[in-house]
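Engineer: First to last, the sequence lines map onto chains H and R.
For the first sequence, the positions run 1 to 224 when the working numbering is used.
For the second sequence, the positions run 1 to 293 when the working numbering is used.
Hints are supplied without guarantee of correctness; some may be wrong.
[To be verified] Calculated Cβ distances over 12 Å to all of chain H for the following chain R residues:
{"id": "1", "residue": "Glu14"}
{"id": "2", "residue": "Leu30"}
{"id": "3", "residue": "Pro73"}
{"id": "4", "residue": "Lys79"}
{"id": "5", "residue": "Arg98"}
{"id": "6", "residue": "Thr107"}
{"id": "7", "residue": "Asp116"}
{"id": "8", "residue": "Ala176"}
{"id": "9", "residue": "Ile231"}
{"id": "10", "residue": "Phe279"}
[Unchecked claim] Not everything, but these chain H residues come out facing chain R in the computed CB check (under 7 Å):
{"id": "11", "residue": "Lys19"}
{"id": "12", "residue": "Ile23"}
{"id": "13", "residue": "Ser37"}
{"id": "14", "residue": "Gly93"}
{"id": "15", "residue": "Arg105"}
Source of the hints: derived by calculation from the structure; they are not laboratory data.
Think of the CB as a built atom: it goes at the ideal place given N, C-alpha and C, for glycine as much as any other residue.
In case you want the letters, here they are:
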Amino acid sequence: MIIAQDLSLQYKDGTFGLKNVNITLPKGKLIFITGPSGSGKTSFVKLILGMEKLTSGNLSVLNYDMKNITERELVLLRQDIGPIFQDFKLLDGRSVCDNVLVGMRFLKIEKEDMYEKALKALEKVGLSHKVHSMVENLSYGERQRIAIARAVARDPKIIIADEPTGNLDKNNSLIVLDLLRSFQNEDTTIIITTHATHLIKDVKDSLHIDVEEGNLQYKEAKYE
Amino acid sequence: MNRKVSNFYYYLKEVSTLFKKDLSTNILSLFSLSFIFFILSLVISVGISSQHIIDEIRSQAQISIYYNNEIDPTSIEAKISEIDGVNLVNLISSSQARERMKDVLGTDTRILDLFDYNPFSPYIEVFISLENLDVIVDQVGSIFGVELVRDNQEVLKQLENILNIVTVFGVFIFIAVSIATVVVTAHIIRQGIYLNKDGIGTLRLLGAPTYFIYAPFILTGIILSVLAGIISFIMSYFATDFIYSRLLGSLPFVVLPKFSGLIILLLLFNLLMGISLGFIGSLIGIKSTRTQK
Numbered sequence: 001m002i003i004a005q006d007l008s009l010q011y012k013d014g015t016f017g018l019k020n021v022n023i024t025l026p027k028g029k030l031i032f033i034t035g036p037s038g039s040g041k042t043s044f045v046k047l048i049l050g051m052e053k054l055t056s057g058n059l060s061v062l063n064y065d066m067k068n069i070t071e072r073e074l075v076l077l078r079q080d081i082g083p084i085f086q087d088f089k090l091l092d093g094r095s096v097c098d099n100v101l102v103g104m105r106f107l108k109i110e111k112e113d114m115y116e117k118a119l120k121a122l123e124k125v126g127l128s129h130k131v132h133s134m135v136e137n138l139s140y141g142e143r144q145r146i147a148i149a150r151a152v153a154r155d156p157k158i159i160i161a162d163e164p165t166g167n168l169d170k171n172n173s174l175i176v177l178d179l180l181r182s183f184q185n186e187d188t189t190i191i192i193t194t195h196a197t198h199l200i201k202d203v204k205d206s207l208h209i210d211v212e213e214g215n216l217q218y219k220e221a222k223y224e
Numbered sequence: 001m002n003r004k005v006s007n008f009y010y011y012l013k014e015v016s017t018l019f020k021k022d023l024s025t026n027i028l029s030l031f032s033l034s035f036i037f038f039i040l041s042l043v044i045s046v047g048i049s050s051q052h053i054i055d056e057i058r059s060q061a062q063i064s065i066y067y068n069n070e071i072d073p074t075s076i077e078a079k080i081s082e083i084d085g086v087n088l089v090n091l092i093s094s095s096q097a098r099e100r101m102k103d104v105l106g107t108d109t110r111i112l113d114l115f116d117y118n119p120f121s122p123y124i125e126v127f128i129s130l131e132n133l134d135v136i137v138d139q140v141g142s143i144f145g146v147e148l149v150r151d152n153q154e155v156l157k158q159l160e161n162i163l164n165i166v167t168v169f170g171v172f173i174f175i176a177v178s179i180a181t182v183v184v185t186a187h188i189i190r191q192g193i194y195l196n197k198d199g200i201g202t203l204r205l206l207g208a209p210t211y212f213i214y215a216p217f218i219l220t221g222i223i224l225s226v227l228a229g230i231i232s233f234i235m236s237y238f239a240t241d242f243i244y245s246r247l248l249g250s251l252p253f254v255v256l257p258k259f260s261g262l263i264i265l266l267l268l269f270n271l272l273m274g275i276s277l278g279f280i281g282s283l284i285g286i287k288s289t290r291t292q293k
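Chain R extracted, bound-state conformation:
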């Protein structure tokens, strides 16, 4: 155990020596990897946020029913309550509707003061089981006095389309980033092995096993890509913070995922990507030099 710890310290010293041996190339590679990871982090953030918004809208599973003001809404309310899949029915007065919009608008609520009258109509708010949406909408629409049934299916569909595009785009970016990271890391390791071929030859002649000779190179690849992951995470943190403050300031009704949760996810993602792609890249780099030999 003692020897293993001592050897790990030796490997780290070797990593430092290897890094310094080709310092400028390694620094440039580090920043290239960081920006590659950053792009992927942004795509991941957009994907997670879109999915979160869709889930939020789905979880609300609510329809709004506008009716003829000359008809008593309680009779409509009673009929709606009898429909299968309806969980809760609320009558919302025009003043309540106005108050709700005030909450949505947040700091821009003064826009409502420009009106001399209350522009909002009373409506019936119905919470339903989402799987019965189509049937409920049909049945509610046929009730006498109901003028408009508004559900959020259109919004959901549009968001899902966006999410699909982001997912496809994200998969391509993920593949591209993975390949780019592996190629960059493999190239760095191959170059490191080439620059240290005399030392490697010496170790072989001294009877060093393969794992001992190549451990510093694998560690170099992993450390380099983990560092890139950390730099990418720091950039992602500030970018996400900026986007959140802008979005929540101007569009307060947008239900974004919790900032801390997203950040922790990005941190884990960047670290895992760094470790796994760094390891794979290093192995490929080593393998390619051994094959060439």
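So that you can see chain H by itself, here it is in the shape it has in the complex:
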């Protein structure tokens, strides 16, 4: 699924985002990546999404070699990933439904199926009553749930949520984590980065990866 070998990411100013990472993230699991701010969680997410180019080592995501990935392959890879960003990256001036649909319009999905998937995802995140609302008129929590619906509606192989609990209180954080867990199945890997370790310590059937000074390691060594 995702395999990193001696993976390093060095920024232009010389600092390392990631250093000599060797790790494998298996398919169909719920994986938490934890660590303090600036430890390298987001850097890892950016490498998986192809937003940054690795400096050395190797990284394979869904069998794509990220070191030598072409622009065309990157487009195809991203179509298999459902990203949920910290700032949600919704399209203002468009409706809730349009924001969910836009993630599927260029995939090989028929129009009827596309609408069905969008409505189903919105129902799952509890926003089926706001299908036609404009996103800029919604609350923070609602906007986050639209981002989740957009990510999951297109049945991705990997769902990546970068700090989804970052700006939420404990109750809402747990609701969001439960919601994200509900999308996990044997074909879909869910990767969640968070610095709120206290919220995930009791989550069952999940793998926990610690990031410290640019290095990722499982808390339990079974996937090393």
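On the provided structure of chain H, position chain R as indicated by the hints.
Structural biologist: What follows is chain R alone, placed relative to chain H:
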């Protein structure tokens, strides 16, 4: 197919969103483009009309021969008929000449009533093959009794000079208009892309292909310049209608091209210009932002 139709509807919705996002700039650009197209339409109209008048004069290919009234014109007529390249010879009496002028003058025919006598001389009207004009004029001029051979070469030359100037002027205007349209459209698209760079970034991260991301921008450029073409056409229609009514009222002998034909030509021209220049401008706008990136 169903998805393609649905996506086209999405692109149109995006065009509307993009247009509204920078409404005042887009409206001003639309009217600037409309006036640019209008200027070009006027130049094109003048060019087409001049060419039409020249073609009409050429197609008539006729010379008028004035003779000594003391000589029997039938003998001159017989000699002219024998010349190679002469197609038809008619004797026009002074009263027929007067009637013809009445037709030319139209509503101003009363000017002829001011004369106590018929001021028109009889003449011989000769239809010829235009390529033999010079030889025929020489031969007719040497016939005994012929006093004046009048052809329309001078008029033709003057009109052709005007047409040449209009053509040169038109080519420059065409180039200027094309460049201005492409620059304006490219600028609008570049601005639209800049204003929507976050949305474009999001689409990229979601795996949207380049054509999907930029189709709304290309469509925006095309729609904007086609709208400009339509506005320009409407202005051209009224301007042409006004000019025609004025010209045909005061100069009824001017042979202008058919109004409906000219209008259809202007419509097609404006639409084609709008589509092609809008498309090129959009592509350049997109290309320039991608190069900058």
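Engineer: Next, verify each hint and record whether it holds.
Structural biologist: Hint check:
1. Not every CB of chain H is more than 12 Å from the CB of Glu14/R (nearest about 9 Å), against its label as outside the interface.
2. The Cβ of Leu30/R sits about 20 Å from the closest Cβ of chain H, beyond the 12 Å cut-off, so the non-interface label holds.
3. Its beta-carbon lying about 84 Å from the closest one in chain H, Pro73/R satisfies the requirement of being farther than 12 Å from that chain.
4. For Lys79/R, the requirement that its beta carbon stay farther than 12 Å from each beta carbon of chain H is met, with the minimum near 83 Å.
5. For Arg98/R, the requirement that its beta carbon stay farther than 12 Å from each beta carbon of chain H is met, with the minimum near 75 Å.
6. The beta carbon of Thr107/R sits about 61 Å from the closest Cβ of chain H, which is more than 12 Å, so the claim that it is off the interface holds.
7. Non-interface status of Asp116/R relative to chain H is upheld: no Cβ of that chain comes within 12 Å, the nearest being about 82 Å off.
8. Consistency note on Ala176/R: stated as away from chain H, and its beta-carbon is indeed over 12 Å from all of that chain's, at 36 Å minimum.
9. Every beta carbon of chain H lies more than 12 Å from that of Ile231/R, the smallest distance being close to 26 Å; the non-interface claim holds.
10. Once the 12 Å rule is applied to beta carbons, Phe279/R is consistent with being away from chain H; the minimum gap is 21 Å.
11. Interface restraint check: Lys19/H against chain R, minimum CB-CB distance 25 Å, threshold 7 Å, status violated.
12. About 23 Å separates the beta-carbon of Ile23/H from the nearest beta-carbon of chain R, more than 7 Å, and the hint is not met.
13. Interface restraint check for Ser37/H: the shortest CB-CB distance to chain R comes to about 22 Å, outside 7 Å, so the restraint is violated.
14. At about 5 Å, the closest approach between the beta carbon of Gly93/H and any beta carbon in chain R falls short of 7 Å, and the interface hint on this residue holds.
15. Residue-level restraint check for Arg105/H holds (minimum Cβ-Cβ distance to chain R is 6 Å; threshold 7 Å).
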